[in-house]
Amino acid sequence: MRITVTVDGTSYTDDVEPRTLLVHHLRERLGKVGTVVGCDTSNCGACTVHLDGHSVKSCSVLAVQADGCEVTTIEGLARDGELHPVQKAFHENHALQCGFCTPGMIMQSIDLLADNPDPDEQAVREGLEGNLCRCTGYQNIVRAVRDAAHEMRPGAGPEAERLASDTASHVGAGGE
Amino acid sequence: MTSTIEPEVGKSRRRKEDERLITGRTRWTDNLTLPGMLHLAVLRSPFAHAKIVSIDVTEAKSAPGVVAVFTGKDLDPEGAIGMPCAWPITPDMKSPRRPILASDTVNFAGEGVAVVVARTSAEAHDALEMIDVDYDELPVVLGLENALAEGAPLVHEDLATNRNAFWVFDSADAGTGSSVEDAISNSEVVLKRRFRQQRLVPAFMEPRACVVDPTGNQLVMWSATQVPHILKTMTAATLGLPEHKVRVIAPDVGGGFGGKIAVLPEEMMSTLIAQRLGKPVKWTESRSETMVAAHHGRDQIQDITITANRDGTVTGLKVELLADMGAYLGLVGPGVPILGAFMFNAIYKFPAYHFACTNVFTNTTLTDAYRGAGRPEATFGIERMMDELAVELGMDPMEIREKNWIKHEEFPFTTVAGLTYDSGNYEAATAKAKELFDYDGLRREQKERRESGDPVQLGIGISTFTEMCGLAPSRVLGSLDYAAGGWEHAEIRVLPTGKIEVITGASAHGQGHETAWSQIVADKLGVPFEDIEVIHGDTQSSHKGLDTYGSRSLVVGGIAVVKAADKVLAKAKPIAAHLMECAEDDLEFSAGKFSVKGTDSSTSIQDIAWAVFSAHNLPDGVEPSLDSSDTFDPENFSFPHGTHLCAAEVDTETGRVRLRSYVCVDDVGVAVNPLIVEGQVHGGLAQGIAQALFEEAVHDEGGTLTTGTFADYLLPSAADLPSFTTDRTETPSTTNPLGAKGVGEAGTIASTPAVVNAVIDAVRHFGVNDIEMPLTPMRVWHAIQHGSAAAGGLGSEAGGGLGSIDATGGAQ
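Chains A and B, in that order, are what the protein sequence lines are.
Residue 3 is where the first sequence starts when you use the working numbering, and the numbers rise one by one after that.
Residue 491 is where the second sequence starts when you use the working numbering, and the numbers rise one by one after that.
Just so you know, the hints here were simulated from the structure itself, not pulled from any lab data.
Only a predicted model underlies this, so the values are computations on that prediction, with no experimental measurement involved.
It cannot be assumed that every hint is accurate.
Said to hold, decoys possible - Capping the alpha-carbon separation at 30 Å, the derived lysine-lysine pairs in BS3-like fashion look like this:
| hint | chain 1 | residue 1 | chain 2 | residue 2 |
| --- | --- | --- | --- | --- |
| 1 | B | K506 | B | K1053 |
| 2 | B | K1034 | B | K1057 |
| 3 | B | K989 | B | K1034 |
| 4 | B | K839 | B | K989 |
| 5 | B | K1087 | A | K90 |
| 6 | B | K1087 | B | K1053 |
| 7 | A | K90 | B | K506 |
| 8 | B | K989 | A | K90 |
| 9 | B | K1061 | B | K501 |
Claimed, not checked - Listed next, the stretches of chain B that the computed footprint assigns to chain A, with coverage defined by at least 3 CB atoms under 8 Å from CB atoms of chain A:
| hint | segment |
| --- | --- |
| 10 | 686–695 |
| 11 | 1157–1168 |
| 12 | 1174–1180 |
| 13 | 1209–1216 |
Note that the Cβ used here is the ideal one computed from N, Cα and C, for glycine as well.
This is chain B alone, in the form it adopts within the complex (with noise of 0.2 Å):
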């Protein structure tokens, strides 16, 4: 029998999870009410660094409503480990003690210092403006440079240095490559540029919030985590309790960006509260305290030099960071900078390469993982250069990356950070690009307004990007001294009635996993699509996995899936033989039923499931069960790639920037669901836009983030930005079976440069070679009146103290 069944995957479904969500049938954190529920809310520092003299709770704890007031003397249990870091990137990388609640001293503004549990959310909030705490300032060292100068005060006066770690790769060293100095020595044009990338705010719209139960057997906590899994684990490790009596649930979650793969403080107050106290209890924050208390992304300093010859040839990239970490480590936080050691080099062919990363505490909220994570700065790090030698050498933009890309049929390739990338073609999806954007015909008309001296002038951007994707390869997570690997778990449960339920370790918040998971499994047994039901975020139903960051959700979790899938089908065979009374090797599978080849005798997936249940018929020896479960850890990263346009008018009187049009042509491999596919792709490409345009997370001189509500902080509206083009070219990844490649941070890491790259290529007639992000009105409008001298100047401004444009490149 042949199958007339339309193949799932593929198909642009709408989602599963969208009736819910419409219809306000929600389960979000915050929607939990449990009897007896107490509340908690958090008092935080004004301070950006202080000595905590005394804490006056007295008037609080009377307060009404009040059930108890707690410190951080009140929250140290014994066998605590402090607030953990599961990325220690070298062996002496230095690592302070985060405590649950400061005690002794605040290191950033927004750190919280006590706690107040009362019987509703308002009480609790009245009684913090009781509690009195003397502080005495101490000195605040903001801005990577500032910290590192000789006499700087110290964030950890402890550990004697503000410096966290120094993480450096050599290609020389390595084995994968020549000398960056060599290069540097011995290329006709070197060329040396300094790039800021500014710090951000994940700005997830969901608030975090928590709720513990420390009732029953298990205690329960519900969190808006990514991370339920790594949640659990390190809730026991954290407060020494026996995992085994800890569960973790992520209801639905409201947008993570990486901003919820953190272990929070407050989870673990909540848990030693209600555990204390013997009753629920929930913390819900409010959006200003999201801002200051929940890790901040990027805030990085990139001195980069690049070599090359004449011909436009490059010869040799190294590559300085500066990273901030904030006042303490985040999860991951060390390790982000470190993910862009290996995508500075992008999809270039160098044969030299040097990356050094100093990692640097100051007095600031701390930075981890944000969308791209440690990505998106190399990829604007290297577009950014490669449209600079291409105007030291007087060429296309476009040109220079053609003449140094891997070509199509260089793959498998490995570059000179050591990677393998297995598949691509970026010829294929730039010509799509072009095409689409007209590039030669904006190109004619970015002449004819210059010419003419038209006041809004227009540039053209380019990003040809690839990232790493599939955060796994366990060993490969291991030899970066990362704490855990990177497999994933699936599990899929045939019920008696054929219906079938699939669990996947692989925890989402907006993802769309319940659709695509559902797609997979219906093409993989032959199951109709609204037959399968999706559960995750759970660590009781789903008790293995290590969640969803890093675009790994689908090309890690998605192949666990297809193996379970396949273990189904194993444990199947035998017992639709031995039903339909013939031998394995007669039976073909097809659209969910097995047949006998020759014949029209079949038996389907959904009456092997009764069978088996009702076990009235079995082969000897075989469990009464289609139950199936098993992991996936990939050999390789899965590379996807892309080439992103972006046309930018730039009104050279108000410095404003409009942009006109945006293409990209993103190689995600096999697309699941398309649909799924564009959404991730839009929302990325809006959070990279809004890098290169509107935000910034400011402090002032003494530490307090003047960016901390979403007055101040400008998060793009509808009205903010454009329309987009997206289209797909579709290059299989060769290392899984399903040839995905992943997409969730592709928008976001191609997009800021390709944005910076066309408003200064519609400017640089004016001499200006750098505007530091973002791009506002004010910084354009001074780059255009002064140059790029001017515009980069104004990095004082934000914070960091920094001059950021060191245009010092050129011919050597």
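Only chain A is shown next, with the shape it has when bound in the complex (with noise of 0.2 Å):
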């Protein structure tokens, strides 16, 4: 089947066999491979992406799905050279290690924080409820989150702001 995706801002037309999952179809077709699988259950969530502007494991989205569909993978979310807060954030407070998690984890929590921009600790623990980690036992990535937050709030800075609602707008983009 053919199908159109804009990934990361850039459009692709390709021909994909029906059972391809979006995962695959990103690391093995457009080379997009900051995306990364790390299980065949839908568990770990080390393949989040935003589709059409909400978070997915793309493993658990066939390709031909995404058709006509905007998708945004962490190769895509820094913004004229610039990390977004929540990249920032995770480096600031150490909230990964071996980083295989990182990228799925940082795509989770921008939409988390999306649907609610001041969780409290209970929140982000269950917001990233469906991303497994396995080094950093959590807490720093909670720490993360909820410095992002605290970074993108209104008054926090023009560019944070920016960041912020681009976020905002770019999250609520697939709307309902």
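Make the complex out of the two chains shown on their own, each in a separate frame, by following the hints.
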């Protein structure tokens, strides 16, 4: 089947097998290897991307379902060389070690913050329940997400506000 | 000139590694695509024990995209020795040959029997279903005691036994202490317990993968491995290849935890197939394959006897272990329980000690190193026993530890197991932990809840622990019959522009070597942190090394870096004297500059680097290079320690456990990067807590792993864990120039007994003195309803067929 997907701002048209998963399409056809595969049961969340602004596990979406959609991966997150506040917060808080779960964690965290811009610790923990990490014990990830929320809130500075509103509008784009 | 540069060592530097990892610009093995690359998929046995009658690959061979199909007989080249085991713990250890693919008999469910090579991974996997294997099922043996029972089915008929090896240490024989049998006869209290260490899956997040490129002069293998250097040597040895024709690259590696220490049959088959077809090949496993085919950890039964006087002084410790090796021997698998032999006596002054271990074969996935390797098992055993002894004697569990541990002023202290602990301060770590935890306040609350019959009971768990890190001392490893040494290598290259390349043999997979090594070199050479590039994980650039495991990277590899930096300075000094036309004795070095004492004349390492490169004006006989390399092989292990305190709330109506607070104070010696130390502790805690509460690899009666995916194997998520309170004391190691002790395994080692002790403490008044791990709500609820005996009876559901609780203790 022929599909057209916009990934990180670039439009790609390809013939794909109907069974091809979005994650395999991204990795193997489009070379977007920043998104990784950690399991085959949709439990680990390592492959999380944004599909029309909402986080999805790209191993549980068929490539053909993404036809006509916009996909944002970890590789498309930084704008004009500037890291997203969540990326920055992961670095600042040492929220990664081996880093394999990190792309998925960051993508999920951004979606979580779009839903709830000021989550308490429990809300972050529950919001990240579908993403597994074996290195960090999650504590610094939770701290990073809450720090990013703080950075992105109104009044945190023009650049942070622009990114926050970008994130919100981006996440909202797919809509109901 | 005095330095105003802030030291890097000790600073919580944000990691250099992060930039590529948070932007997705990483080099995972599975990211790699080479021209003409073919894909492998492995067909795995569904049976735990069966004869292979026939394999028909005809249909698979003609499937779309398939290039070739190989079975075991095709991949058993002349000169190949079978998969290696590097730790023959006794001269008579039974070492079954493990082929690359099973060709006659499969011995565990998940063992490879055929491999398809196709143009795409999907085509290769499609074709697997077209292979027709005719199996003749054989009786399956599971569970340690079952395997040793008379008349038990044999995993390997030719070995005539399921007993792999028997290893023993006795303090009376070794001259390190007195006789345990005497202690058992003469002590006022003799307490016996049986504990089970359930089988775990290391569960690194990146599945294993390798890419082999046979084109060019050297065969190049990229692999998601912890041990590129060992893999290189073992690939050559296993396949009979010249070692200089093999290059192994471990690019970014997504976690290991001991689980990527193995040399894999899949790496060997990829190599052979790439050579035969003359094309690059890639093998990447699915998570379900990882669960059955990557090695498992733990899986022991521990029978422990502790003897003591009524005043609480311990008099002896006897440990008898059964350890499940699985169907074959892993690279270091037989040695894992042996590492525990040195740690069961922990921080306590036992006058008598006996340790005996029987390694056993069963029809299961092999076991091998898993975070802590032998030491978590030992620490669990002793820390549970100290609690049980305290209860027996009517003492506070903290009091019995304080009574028996090595006091600060007694270091260095040689233990009954023959190790010399160089430094430690258990009092300081414990005092700090108790204060952060509010030990006395929580004890009061516990009493109130118990008296009021609160449905949610509170328990306090203690684990005061030490471990042995820095797996080197090569001579010690040799005395334990380990095949290799444990030294580590480092090289420092000062480039013409004054930038520095540091090459380390310690290959990282998430530990932050690039950052920590940069901090060390920045201080030593007085160059900016940013000017240092750390290179690891490629046997060509980092041509010597013994890799990363056992919390050895910093305390062995880091010291090699220190030594190499010292050599750079030694090379630079005569050049600096020559350039400044002074005597070497007139020079002092500080903050990256050689200065002539009493003058403002100075030259930096960067200036010297250019002078050396241009070589226009060097002293006679000096080579035009500041490059240096060195190795480090420590005299002794290092011994991090700490006090971990856990408060657990147990809902007595549902059995649910909630960790209310977890406080740990670890002493890892000097922390090069406290941020990294803290992160390692957090991750370790999560893994140890997961063993206590969540994780278990379970086989059904036929030997099928019923916890073969992340849907069944309960890896905790963020929602399952609390935040931890971590702190440190800092008692430098005296056996290395950094004073570092290692940290990677500490959290895992200490936390499992802390959590289990807390849960049992919460429900002990219901007659519970043990619950088998993991402490699921069902098990905890059963224990509360029926006391320990019923809880122990659940052991049989876990596949081992064990009555796990043998609470035969008590005063004699």
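We went through each hint and held it up to the structure:
1. K506(B) <-> K1053(B): Given that 30 Å is the threshold and the Cα spacing comes to 23 Å, the pair holds.
2. K1034(B) <-> K1057(B): holds, 18 Å
3. K989(B) <-> K1034(B): holds, 22 Å
4. K839(B) <-> K989(B): Distance of about 50 Å is beyond 30 Å: violated.
5. K1087(B) <-> K90(A): violated, 45 Å
6. K1087(B) <-> K1053(B): holds, 25 Å
7. K90(A) <-> K506(B): holds, 13 Å
8. K989(B) <-> K90(A): holds, 27 Å
9. K1061(B) <-> K501(B): holds, 28 Å
10. 686–695: It holds, with 3 qualifying residues against the three required.
11. 1157–1168: That given contact holds, which follows from 3 residues of the segment 1157–1168 of chain B lying within Cβ reach (below 8 Å) of chain A.
12. 1174–1180: holds (count 4)
13. 1209–1216: Coverage by chain A holds for the segment 1209–1216 of chain B (4 residues, Cβ < 8 Å).
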